[in-house]
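Asker: Residue strings, one per chain:
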Amino acid sequence: MNNLGLWHGGDYYPEQWLDQPEILNKDIELFLQAGINTVTLGVFAWSFLEPEEGKFDFTWLLKRVDQLYENGISVIMATPSGARPKWMSDRYPNVLRVNETRQRQLFGGRHNHCYTSSVYREKVARINQKLAQTFKAHPGVIMWHISNEYGGECHCPLCQDAFRGWLKKRYDSIEELNRKWCNAFWSHKYLSFDQIESPSTIGENMVHGLNLDWKRFVTEQTSDFAACEIKALREAGAMQPVTANFMYDFKGLNYKRFSQEIDVVSWDSYPLWHKRAEILTARDNGLQHDFMRSLKKKPFLLMESSPSSTNWQGVSKLKKPGMLKLDSLHAVAHGSDSVLYFQMRQSNGSSEKFHGAVIDHYGGEDTRVFQEVCEIGEALNSLKEVSGTSVRSKVALIYDTESRWAMEDAQGPRNNSLYHHEACVKIYSAIKKLGFNVDVISMEDDFTGYEFIAAPMLYMFRSQVEEKLRTFVEEGGKLMVTYWSGIVDEWDHCFLGGVPYGLMDVLGLRSTEIDGLYDGEVNHLVSVSGTWEEKEYECRNLCDLIKVQGAEALFVYRDDFYQGYPALTRNQYGKGLAYYVCADVEAKFYDDFFRRVMKESKIEPLVRGEIPEGLEVCSRESDEFEYLFIQNFNREPVTLSSELMDDLEAGTFLYGDKSDHGEIGGFQTLVVKREK
Amino acid sequence: MNNLGLWHGGDYYPEQWLDQPEILNKDIELFLQAGINTVTLGVFAWSFLEPEEGKFDFTWLLKRVDQLYENGISVIMATPSGARPKWMSDRYPNVLRVNETRQRQLFGGRHNHCYTSSVYREKVARINQKLAQTFKAHPGVIMWHISNEYGGECHCPLCQDAFRGWLKKRYDSIEELNRKWCNAFWSHKYLSFDQIESPSTIGENMVHGLNLDWKRFVTEQTSDFAACEIKALREAGAMQPVTANFMYDFKGLNYKRFSQEIDVVSWDSYPLWHKRAEILTARDNGLQHDFMRSLKKKPFLLMESSPSSTNWQGVSKLKKPGMLKLDSLHAVAHGSDSVLYFQMRQSNGSSEKFHGAVIDHYGGEDTRVFQEVCEIGEALNSLKEVSGTSVRSKVALIYDTESRWAMEDAQGPRNNSLYHHEACVKIYSAIKKLGFNVDVISMEDDFTGYEFIAAPMLYMFRSQVEEKLRTFVEEGGKLMVTYWSGIVDEWDHCFLGGVPYGLMDVLGLRSTEIDGLYDGEVNHLVSVSGTWEEKEYECRNLCDLIKVQGAEALFVYRDDFYQGYPALTRNQYGKGLAYYVCADVEAKFYDDFFRRVMKESKIEPLVRGEIPEGLEVCSRESDEFEYLFIQNFNREPVTLSSELMDDLEAGTFLYGDKSDHGEIGGFQTLVVKREK
Amino acid sequence: MNNLGLWHGGDYYPEQWLDQPEILNKDIELFLQAGINTVTLGVFAWSFLEPEEGKFDFTWLLKRVDQLYENGISVIMATPSGARPKWMSDRYPNVLRVNETRQRQLFGGRHNHCYTSSVYREKVARINQKLAQTFKAHPGVIMWHISNEYGGECHCPLCQDAFRGWLKKRYDSIEELNRKWCNAFWSHKYLSFDQIESPSTIGENMVHGLNLDWKRFVTEQTSDFAACEIKALREAGAMQPVTANFMYDFKGLNYKRFSQEIDVVSWDSYPLWHKRAEILTARDNGLQHDFMRSLKKKPFLLMESSPSSTNWQGVSKLKKPGMLKLDSLHAVAHGSDSVLYFQMRQSNGSSEKFHGAVIDHYGGEDTRVFQEVCEIGEALNSLKEVSGTSVRSKVALIYDTESRWAMEDAQGPRNNSLYHHEACVKIYSAIKKLGFNVDVISMEDDFTGYEFIAAPMLYMFRSQVEEKLRTFVEEGGKLMVTYWSGIVDEWDHCFLGGVPYGLMDVLGLRSTEIDGLYDGEVNHLVSVSGTWEEKEYECRNLCDLIKVQGAEALFVYRDDFYQGYPALTRNQYGKGLAYYVCADVEAKFYDDFFRRVMKESKIEPLVRGEIPEGLEVCSRESDEFEYLFIQNFNREPVTLSSELMDDLEAGTFLYGDKSDHGEIGGFQTLVVKREK
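Residue numbers (the UniProt record's numbering), protein chains in the order written: chain A, 1 to 676; chain B, 1 to 676; chain C, 1 to 676.
Next up, chain A with everything else stripped away, as it sits in the complex (with noise of 0.2 Å):
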């Protein structure tokens, strides 16, 4: 994005130490150490910026900036609006968000603001506008952070208002709102659009169509209201690019449909290491990667991430020597430009004072973190031409926003829990050990370009998602769809007439009913003689029982009455084949099925020769270059196979060692450049 390279550095709070400038200055003593070139600044600075109603005072920001600036630190700037200062609601408590029984909050916390309120549009629209009169020339500043980790709903008048007229826009008429919500149950029919109210556990909150379009509104509202954030910066001349910072697995936004209005996305990321393998820590955070990537098939930012433990999780851990700089690289890996920590210096009260920062109460730079950091610093510069360098993916996984809302919504067949994110990991892991990268999309992607698509528990078909599928398989594409797919439409109705709706031909099946198993409960999946080679798996949680219509058996149930029922198909459609997995089966299974079907179907990976337990393999590529990095999740060293390391020397070490041995250190990260 600029000459920086790879960014290193991260949230930084100069105004919580004004009064002390020796410590000002031994920051960019020790961020100078730490090869740190890149700050976030103003994330919850409005009481400095604005003490007062219209009493603006940016001095001491404009400072900071130019004194980094003379290091040769950049510097992100954030737009205030996470966290207001307590005048603003005590004069305008419609600034504050009332929650779903209907009370209206107090001061307190952080973003807890009403998206709708024109007061608080215009209040942080005259901020930003300061702001970027301050910024926009500044050589120092580089991109623009827009408030911080938007979330949550309210239901204000004002925010019921703009629900009925989001509904008025999007239904032509109250009948047709009500076909689309079934309303004809329970005798929930509407007269008129002013009668609604936003989903409520004392009032309405079993109207799926209801809570689906409140989900969809409050993206849209979120959307529009980071949308006038941004117009006020550029109206006032602001012309770097702008971001906003996204959580892990937030139900709470549509990230496909607010990606929309950036330039780049970013996100915080707070693994639980050192919990299990650490190897299932890495793919479920991978995942998180890679769907970040996806959202706009361009790199993506780390924003935030802990330099030691947290302290907001049940149990704050250490991060063991080596997990920091592994931890990190693997943002990279998996098309990071930049590796950012929250937070720079630990603040020195209030509620986070024992998060995690590169420089502690302590306060020296003989500390085990900050040298690790500085090690980052390091490694960060050797892989500079790595930055702006892409991603590409043979293989993609739906995971689709709408699509879960409205699953998990539903009360169906196991309210206990679905395990649609366990499922989807799974996959993902297993496609992931053989050495491919995985992009995470969305039901409107394009699917083309890619040679196998996973679509697990596709509960709702839209888009034509159905027609697109149909194509991919037609054209030659591997698909592979699971049960819970294709039952309901865009407003939650089931399709009649036959399930998976659309699919049936594609895959030569139709479902009849699903079973669901108590907690504990098994089932198992055995092989049909003659087609793949013996195997037996368990199941659990979810059997969908299915009549073939053409498809093949390959495996089929064990247990119950419905044993010998077919639980794996295969399809011949078009050019292609179309995977039909009933249950929900172990790991292995999906371990052994892939590495079978990309194999028989020829799909390549990234490397040859068999990745060790443990290992991950991701690329990025530039127009000439392809750089691969593999890291080792296992605190022992790991020896690598003669034919993989023939591959990997066919390529030059642009980061950690080649071992005469051939061998990965534990917690290791080798950088392969090879020419394409």
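Treat the hints as calculated values from the structure; they're not laboratory data. Predicted model, so just to flag it, every value in this text is computed and none were measured. Do not take every clue at face value.
Said to hold, decoys possible - Derived DEER-like restraints, expressed as beta-carbon distance ranges: (1) W312/C with E467/B: 30 to 40 Å; (2) R276/A with R595/C: 34 to 44 Å; (3) W312/B with W312/C: 33 to 43 Å; (4) P321/C with Q549/B: 14 to 24 Å; (5) Q67/B with Q549/A: 28 to 38 Å.
What the hints assert, rightly or not - Pairs of lysine to aspartate or glutamate residues, derived as DMTMM-like cross-links and limited to a Cα-Cα distance of at most 20 Å, are as follows: (6) K673/A with E643/A; (7) K180/B with D19/C; (8) K180/A with D19/B; (9) K673/A with E378/A; (10) K275/C with D559/B.
All residues carry an ideal CB built from backbone N, CA and C; glycine is no exception.
Use these hints to put chains B and C onto chain A, whose structure you have.
Answerer: Relative to the frame of chain A, chains B and C by itself:
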């Protein structure tokens, strides 16, 4: 009740498909195929019947009733009060409930109206009258179904006033109320009835007298509301019998009281099959069937049951092949004159769209579920003559709602759980295993005619139950009382001077202290040598320490400081015997106890010969015949002993094949008709 | 405190039985039989004393006091403020509390008034004055019992104003408050005191400075309320000492501060016996006794205890034979001058009707419980001379309320749980096992006179505790500090520049990082060879990583990346020694640690010879005599070593038989009187 024989059908919502006449016609076709003779219409149909205030439209409904009638299908017509249209709460907010924290609810859900609101009562009366005028003379309408699953409570000002009025009638003076509620405690004396407020977690919820009277009031007010609904029908000339549908083990209403308002009891049965041994679920649900039948001591209706899975339990498990029929005939065996389902056709949207139905979203007749429904249609046809027959029981179990209310509200020996329901099921099951019918009755019921009465955990003694039990024993009855019985009177005042109140001489003992056992803690009962055979049983939760005053100890405690204290006693009183069980003993104890006691007392079961594990025997009888139901809740076939087979073969097999090998198939039902 | 010796009796509610004089007379008879010499009257009696506003009636109470006095029974007279009559909140709604979500409570329960309401203060003052006028000169009234179990908080507008006023006094300016509360964080700066609102889950609850000051304010306001109650008594001429009853490990108030208002500390003790080894329960409850005694360093009163089971715990277990006496004398051993029960006669209705009582619903004296109460009466009579004697401790444990408030509110290394209480109990138990008295003190207390001070998890350092500890060690004291100490100052600001603040040189180390361990995760401590004997202990939850700067490592970690890092250190400082425990180690460690350290430091316990497992030794002393209490918490008899027996036999056995075989019976107590 009419000449249909046993009713077969269920809840049907044609209003959801009015714009698709081909679906409505297909419904009729499928109903006829499945032997459907009765459907319920109008539940939740208000917004179709009165889309705007005062504008009524019954044509669509009349058309459906006509078409059904022409096809030989009768209708149970529901009043629509279970869900209000939106316009009503918009115009008359006081129809909305106020919860116990005094917050007025918003529009939404169902079953959420104030039972006191005169507006709501007027609106309901008016639409009920219109319905009655339309259908009173329609030969196709055979019963009225009042509202749906009455329940819940309202704390609005109108209800507060009504509560005060009800209390004024109940107590002569505020001084009397203060005495009865024990308001000397914590300075809670009232100076006038106007000071009284309903229980609330933000106010008073520890005064048991208040809590108990509030629950009584809620039952009275709900019963009164139902009575008003019925009055409106009757005044408009409707003469068909009325029912209201009850729920499993529902503690919100005293059904004994409520059932006085209606002609026929019906209930909605959703057992969780396939979660543990089926026979255990059958016993648990059988107790509920018997409770419903005993309310009026005449046949009841199975008003709702799922043809497949439900959608609202934690896990929605499919019914395995044969279970739907077994479950349906189980209701008939216990006294139901119907097998009715929720729902005939699956709705295609909103919150119950995944609830099982006779016709599912796919819509074809080639489904496993539809085929089993057809089989049930045939079975019910074979059993036509069973309709209207009664059940006679030699054994009664007292399962009293007010006593449970008081016991569970009290802070006492075990707040973690008293396991009252579980104790009742253990006792009920032990008796059922021997082949008896059991009545499940309240304290007000008549005790004459029974040979054995079990009174487990009868905490409250009111309506002179102690006198009735004394007379019962005196005249030769066999009685079993347990720990935690006869503790308080009607107002939850502890009896002074020794407990179980009024029965100490009948039982020959006094309870001195009761020990609560921690979760997981056990004690044991051991037989007193020379009395019964040598046995040892585990007990848990509660151990009563008694002083015998005439009774004989048959078992004593094995452990703790009360080792050797009596744990099971027997006392001769008048011509009868009174047993006292001191502790919450394991099921095996009750099995052995009843086997021995019934034999010693020569109380004869329905059949001769041992009943195999997992089978249940019930009977219904007309003036001339007895209909024996033998149901196998095992998935595997079971061989019947020759003694039992001989007994059965004395009659004729009305349903189910008598196997040559004296075997009953897995999940199969036999019905044998014998002359009396 | 008077010539009654040890007080024996408890809470008595004659007002519940005024219409049954035969019961009141029976009470006196039974009291005399049981050696009752003191009862508490008037708790919750307001609606009997002032049934209507301004209409007072004290005759019934005076009559009771007279009758009791005539029978030699003294009275502790309670003020009735623990529960208001209904008329008061009806007329003056602002006496009702407002909860933290700003909802005004309804009438009900108890302990629910606003402490700020001037109306409530006036009403209380007036009735207290009337009570004082009536009983100030009554020889039967020996003490005043102010209200009951003060606790809870109110967020009404009056309390908001009072809070702001209190803050204005505490901070010179709003700028200072902003600094102290760290309001630069999240833009939370206030412009004036008027903007401040109390913490709320619907507003601000993450600003630790606010939360902490709010808790301090609640203590101040409650103390002030109590002071007003007492002032009313004193102004009306009442000269008897006053007490207020405290609760187990109560975090709602800072009892150290509150206790300044009263003459005598008393508390309500309800240990859960028979749930685990009795000695563990005894240690846990003993710590509380010692805490209560240490508040004023003089005898306290056991104000409430259950003669049998309680009714409010999850499981109401009976006390096994002997436990009531053992428990009662345990209080005396730790410094109580009384054994008082809740309640004398069981109420026959409302929420506490099943709480244990001296006289139960049955009402006879032939109960197990009543007989044991009689035995206690005799025991207390034998121990008369112990009344008024004090407890001297060489060891102190710092257990500071404000530090716990701050530590538990902070989001830090282990939000799941810090296990502070458990750590304190482990340390306390290890010391008690060796036969020491222990004072349980606050940071403000005087440290002189102690030989050993344990300061576990002393998160907050204020009142110059670091200086006091430095001096303590310098002058020869032995100190033990643990992980997570000296982290923040009085305002919860983290100390910069290294921790434990102010003690790094005394301890010879600096804490660098702290690792949170997941639930179930363990590390180990292993001894450094050549220092102490070879041992290994488990540690969990928290592991501090330190850098030694002079201290000697006695133990190091065995596992994880900090294997070999110091885990227990010792540092010579001045004439003393300072130990630092880095991790939450198992109890066995502390047992071995204190056994060794006390021996090395020649700190002598109360008795010579090994104290068997399950026994506890305490002592009280007068100017001339020492009273040794030896209590056996095992159910079985235990043999005492000859060394220990010799030591005991140097004195005389004031209570309990010296067995010929040097044995102490199960659940038995010996009291030995020795000259000093």
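Asker: For each hint, tell me whether it holds in the structure or not.
Answerer: These are the hints, each one checked on the structure:
1. Distance hint check for W312/C and E467/B: the Cβ-Cβ separation is about 34 Å, which falls inside the suggested range of 30 to 40 Å.
2. A hinted range of 34 to 44 Å holds for the C-beta pair R276/A and R595/C, which are about 39 Å apart.
3. Between W312/B and W312/C the beta carbons are some 34 Å apart, a value that agrees with the proposed interval 33 to 43 Å.
4. A hinted range of 14 to 24 Å for the beta carbons of P321/C and Q549/B is consistent with their spacing of about 22 Å.
5. The hinted window of 28 to 38 Å between Q67/B and Q549/A holds, with their beta carbons roughly 34 Å apart.
6. Only pairs whose Cα atoms come within 20 Å are accepted, and K673/A paired with E643/A is accepted, the gap being roughly 17 Å.
7. A C-alpha spacing of about 13 Å is found between K180/B and D19/C, which places the hinted pair at or below 20 Å, so the restraint holds.
8. As the CA atoms of K180/A and D19/B are separated by approximately 14 Å, the hinted pair is consistent with the 20 Å bound.
9. For the proposed pair K673/A and E378/A, the alpha carbon gap of about 18 Å is at most 20 Å, so the pair holds.
10. With a C-alpha separation of about 16 Å, the suggested pair K275/C and D559/B falls inside the 20 Å cut-off, and the hint holds.
When the structure is compared with the earlier hints, no violation turns up for any of them.
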